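Chains as they are written, first to last, in the working numbering: chain U, 1497 to 1608; chain F, 87 to 200.
FYI, nobody ran anything at the bench for these hints, they're computed from the structure.
These numbers come from a predicted model, not from an experiment.
Some clues are possibly wrong.
[Claimed, not checked] Under 10 Å between C-beta atoms, here's a sample of chain U residues computed to sit facing chain F:
no. : residue
1   : Y1533
2   : N1535
3   : F1537
4   : Y1550
5   : Y1588
6   : G1592
7   : W1597
8   : T1598
9   : F1599
Backbone N, C-alpha and C fix where the C-beta goes; we use that ideal spot for every residue, glycine too.
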Amino acid sequence: DFVMTQSPLSLPVTLGQPASISCRSSQSLVSSDGNTYLNWFQQRPGQSPRRLIYQVSYRDSGVPDRFSGSGSGTDFTLRISRVEAEDVGVYYCMQGSHWPWTFGQGTKVEIK
Amino acid sequence: EVQLVESGGGLVQPGGSLRLSCAASGFTFSAYWMSWVRQTPGKGLEWVANMNLDGSEKYYVDSMKGRFIISRDNAKNSLYLQMNSLRAEDTAVYYCTTRRGDYWGQGTLVTVSS
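The shape of chain F in the complex, shown without the other chains (with noise of 0.2 Å):
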């Protein structure tokens, strides 16, 4: 069974700093990109980043480059998400989720709030 679960996510002030990890099994991690996408009540959902398959290449949504740096450790078929300046209209769901989104996880809440 396929399965992503990120973890990491929580309370965070205006400014600071988060790491969201996303663990998967059931499937061939290193053979897949990698995504975050995350979702607000006001924005819907909106794609964040992408990560080929050695980590050698990355894409940012341009609202996120600078701040936030996606990564991974195929050895551990782990993907992560390090979230640097955080503002509060960065408050969302984070999901971990292949490039052609074909597997999900289950989210975890991310909120900016002093």
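Here chain U stands alone, though its shape is the one from the complex (with noise of 0.2 Å):
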């Protein structure tokens, strides 16, 4: 299976300061029909996961634009410009190139 590999697992951040989740993948994501995909989930306390980022830097509707996926073949990257209240939660990147589909371990954002 294709092991993917987050970090940090935790991320203190300032309100108004960036934050970056790196994820790593054993093996290249690229798909036999050539896409990539690598997608980042956001989770809330309580809530189900939410897709923000698809095909490693597509935002999906609604996201806001201080969410960005960048990366390819094993290395991945999810920034938030700057670091509002509402995005404390945990983050999951997940491949879907291969199957079995895999998550990382994912990586708790809470505010300092």
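Put the two chains together into one complex, using the hints given.
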């Protein structure tokens, strides 16, 4: 299985400051169709996961533009340009290129 | 408004069975591959199974192969997960979602315990 490794696992941030989460895959996430199915999800306390970013860098509808995704191959990054209070939660990367789909361990974002 | 509503969770003894249901609305259900994902405190989020548009293709994570069966009824806009030979480690919140994760339900809790 493709192992997804996130860092850090805990990320205390100051309101208004940037934040960055890294996600590394054990193998290339380029799919047989040429696309890279690397998604980022946000899970607020007590809620279901919500997709923020799909195919590395495309923002879902309604996602604030302070969220951005980048990367290729095996290394990917989620950035929040200016953290707001509503961004508190756990963030997961997930690969959907090779079965079985797999998630990272999650990064808990909290306000300092 | 897109909605996925899971039901059928509960307490079941080890070795028992349970059938989860997911009712979809607000989007063209028959046009989406569908999936089940589970979440445990210990293992985090884990993809369980995928199913294609007409149910002719099914994919399972190895640990659930032979025990879990994913199915769908496009006429009823519904997805199902039949879980057999349940183990303590199957205890989790089970989510219904689309294959690419764009829509999620609220989850249903399955507890396997004697």
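For each hint, the structure was consulted:
1. Y1533: holds, 7 Å
2. N1535: N1535 (chain U) check passes; min Cβ-Cβ to chain F is 6 Å, inside 10 Å.
3. F1537: holds, 7 Å
4. Y1550: Holds: closest Cβ of chain F sits about 6 Å from Y1550 (chain U), inside 10 Å.
5. Y1588: holds, 6 Å
6. G1592: Hint holds; G1592 (chain U) Cβ to chain F Cβ min 6 Å, cut 10 Å.
7. W1597: holds, 4 Å
8. T1598: holds, 7 Å
9. F1599: With a minimum Cβ separation of about 4 Å from chain F (threshold 10 Å), the hint on F1599 (chain U) holds.
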